[in-house]
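Protein sequences, first through last, are from chains A and B.
So the first sequence is numbered by numbering that gives the first Met the number 0: it starts at 0 and just counts up by one.
So the second sequence is numbered by numbering that gives the first Met the number 0: it starts at 0 and just counts up by one.
Misleading hints may appear alongside valid ones.
With beta-carbon atoms standing in for the labels, derived distance ranges [stated by the list, open to error]:
hint, chain 1, residue 1, chain 2, residue 2, range
1, B, N189, A, S254, 47 to 57 Å
2, B, A36, A, G17, 22 to 32 Å
3, B, V51, A, L158, 17 to 27 Å
4, A, E267, B, L105, 26 to 36 Å
5, A, V106, B, P67, 21 to 31 Å
6, B, R80, A, A115, 27 to 37 Å
Some residues of chain B that are not near chain A, with every Cβ distance over 10 Å (derived) [stated by the list, open to error]:
hint, residue
7, Q15
8, R80
9, A169
10, Q221
Hints listed in this document are in silico derivations from the structure and should not be mistaken for laboratory results.
No experiment lies behind these values; they were computed from the predicted model shown.
Here a beta-carbon is modelled for each residue, glycine too, at the ideal position from N, C-alpha and C.
What follows is each chain in one-letter form.
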Amino acid sequence: MRRLVNQRPGRVGLLILGMMPFVLLMTAYLVYSNARLAANPGDKLLPSPATLAATIHHYAFEEDERSGNVLFWVDTSASLKRILIALGVSALLGVAFGLAIGVIPYVKGTLAPFIAAVSLIPPLAVLPILFIVAGLGELAKVLLIIIGVAPIMVRDLALRTEELPTEQMIKAQTLGASTWLLVIRVVLPQMWPRLIDALRLSLGSAWLFLIASEAIASTEGLGYRIFLVRRYLAMDVILPYVAWITVLAFAMDASLRVVRIKGFPWAEPGR
Amino acid sequence: MTQITVKRLWKEYDDQVVLENVNLHIGDHEFVTIVGASGCGKTTFLRMLLGVETPSRGEFLIDGQPLPREPGPDRGIVFQRYSLFPHLTVLDNLLLGLELRGSRVLGRLLGARRREAIAKADRLLDAVGLNAARNKYPAQLSGGMQQRLSIAQSVIGEPNILLLDEPFGALDPGVTADMHELILKLWNMNKMTIVMVTHDLKESFYLGTRLLVFDKVRIDSQSPDRFGATITYNIPLRGHKSIETSEAAPALNATKDEGQNFANETASS
Chain A
0 MRRLVNQRPG RVGLLILGMM PFVLLMTAYL VYSNARLAAN PGDKLLPSPA TLAATIHHYA
60 FEEDERSGNV LFWVDTSASL KRILIALGVS ALLGVAFGLA IGVIPYVKGT LAPFIAAVSL
120 IPPLAVLPIL FIVAGLGELA KVLLIIIGVA PIMVRDLALR TEELPTEQMI KAQTLGASTW
180 LLVIRVVLPQ MWPRLIDALR LSLGSAWLFL IASEAIASTE GLGYRIFLVR RYLAMDVILP
240 YVAWITVLAF AMDASLRVVR IKGFPWAEPG R
Chain B
0 MTQITVKRLW KEYDDQVVLE NVNLHIGDHE FVTIVGASGC GKTTFLRMLL GVETPSRGEF
60 LIDGQPLPRE PGPDRGIVFQ RYSLFPHLTV LDNLLLGLEL RGSRVLGRLL GARRREAIAK
120 ADRLLDAVGL NAARNKYPAQ LSGGMQQRLS IAQSVIGEPN ILLLDEPFGA LDPGVTADMH
180 ELILKLWNMN KMTIVMVTHD LKESFYLGTR LLVFDKVRID SQSPDRFGAT ITYNIPLRGH
240 KSIETSEAAP ALNATKDEGQ NFANETASS
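This is chain B alone, in the form it adopts within the complex:
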């Protein structure tokens, strides 16, 4: 069970208000997608949830407990790029997550525990379709493969919360569709709560069980930084909690219609 509560959250840098008065409750095993114009603070919101930035006012609660002020193993992250370890092979990149937690002094597993870890990594490599490339270095992989590995690396330690920061933004459209199926599969397998920042509206409707739109409610044309963004839309979606069943297909169509309506609505407003 992992629930995220955000209470009266503000984020300011000197004179610039980035986020103002954000209130939110995210339930267990939700897939929250966040969209908004660039510079609206959606990535800042994610970075605060990750623990690399601190709120100016207000707080994050995870299952009622205050959020730690640094990144930790309970919250996985997938960045757009640069988060693989170039000196480790594909397999070692995956094993690292298990080794760091299993061996606090050497950071390496030996003997039976290593074999156990490799078996687990193998299953995940199969799931993300990278077993053939297990002995390659990240620089030898395509962008899509790198991102598969990055996702696998983040879920191998079974974090309760997975944060995605525009993870598919740098990929080709064809590859992106594969990645959507992969992330939904892993989400249902591990029952984690996902918070994903994206700039792709269609993607956010397709993947999410809840869509958040960050935007400024008040605008001062003399001083654009005077007011920050907040959640202007909080739309529950059907999502893909039961992607294996036949309900998946109609749900998909339904979310697409909703997406069209929403797009029209924002266009007219």
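Isolated chain A, as found in the complex:
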């Protein structure tokens, strides 16, 4: 018998093992849902698959009687717009400031302590300030995500930049690079895969801040809908929305991973 650390599942085994927790969770849900509905057909806590399907159909494929919109897609596009704009701006800030801090000692001396301090401000604590200053519109929600995500990205990219071997920097200078050329030909190209990593890691907190701001002040959005229907214990809406948010987050993460592998083959370990 080999040691446990040396035993590896095969391809099929891996697939089955990976599916198992999902299947278990769904089975447990069905069992409990059945039991509760048998006791009380009006139970709202664990709706049956039929109820879930009907609600999904109602939200995703039928127009809302009051507004004439298909709510599910209105919510999805509003939330995606906010999170993508915020992540894009954060990525730009992360690259611009992270590189400047990592490469130029004077910029580091000026900005590094400030950004270290700013990154420790709990973003949700400044949410009221954002709503007061920027109003209840889109700006405040996007700003909250940026405040939550950008400082960490700046610090991460600054660290990654400083991790580049000094030998590379010196070599590039002996090849005639100015500071500008050093940045655009040596540092920046090596930071793209690091930026993708930083984005992937910040997806979780970006969604957190998005839903938090939508829950407090919004008229549409995935987070808004969840908190709206919470008053009616509408688990048949909340559960599909949570699953959908998870799918969206997973898709963003997976596509970033693909971009990293296809776009930057040199950065893959073991090549």
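Model the placement of chain B on the given structure of chain A, informed by the hints.
Frame of chain A, contents of chain B only:
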């Protein structure tokens, strides 16, 4: 013509004296090899010549002009490792040196100038035997190939001075012999002045036209950092200036004998 003059050079860190009173003149197209115990300041000496460290006292002069206080295209460098650009292919690693100098805004050459640069890089790739690997990334190359590329990268801009910081220290012995022939070939092709730090005594005798030994002359056993190292031996060697001719073989033997004598001498002292 490139001559390096070192005048009364001192290097100190706080209380620690690393180098004291180094005086030296290196002529054009010399191949200077520097050996010494670890921590004797030979790499510090090279780093000052490179421009990443500044002398505490004294000065370096290159053709009578003070040395710039930062690295520049007149002084190439080959480190032991980590100096290739992992995001560029072998060819692009070579082209980078030409592109950085040829295009000050974009750092990229286009059209006819790019074709010209590729032709030049191609000739160098052939010279270092890497043309078959031109589209690979550095991480896909063996240690010896990486170091060939690193050397080629440093000489493509034809620097007047080439600095080598233990360039073959991490390579297998068989590979090292190939690298010696390569560096001698490039040295004679480009007529540059080479300063090489090594810990391999045999290598230093074989390659150099001049061997420098860095060592401490005075030692205070109570305070080992009180005195720094300086040049204790400055030995002219025959070297390989005419490696193509038949003189190369006897010269090789002669330097080997000298190496033996020197080794005996240091052992007895």
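For each hint, the structure was consulted:
1. A hinted range of 47 to 57 Å holds for the C-beta pair N189 (chain B) and S254 (chain A), which are about 48 Å apart.
2. In this structure the hint that A36 (chain B) and G17 (chain A) lie 22 to 32 Å apart at CB is violated, the actual value being about 57 Å.
3. V51 (chain B) and L158 (chain A) have their C-beta atoms about 22 Å apart, which keeps the hinted 17 to 27 Å range intact.
4. The beta-carbon spacing between E267 (chain A) and L105 (chain B), approximately 27 Å, falls within the hinted interval of 26 to 36 Å.
5. Remark: the range hint 21 to 31 Å for V106 (chain A) to P67 (chain B) is upheld by a beta-carbon distance near 23 Å.
6. A C-beta distance of roughly 32 Å is found between R80 (chain B) and A115 (chain A), which places it inside the suggested range of 27 to 37 Å.
7. Every C-beta of chain A lies more than 10 Å from that of Q15 (chain B), the closest at about 21 Å, which supports listing it as non-interface.
8. With a minimum CB-CB distance of about 7 Å to chain A, R80 (chain B) fails to clear the 10 Å threshold, and the non-interface call is violated.
9. Look at A169 (chain B): its CB is around 13 Å from the nearest CB on chain A, clear of 10 Å, so calling it non-interface holds up.
10. Every CB of chain A lies more than 10 Å from the CB of Q221 (chain B), the least distance being 35 Å, so the non-interface label holds.
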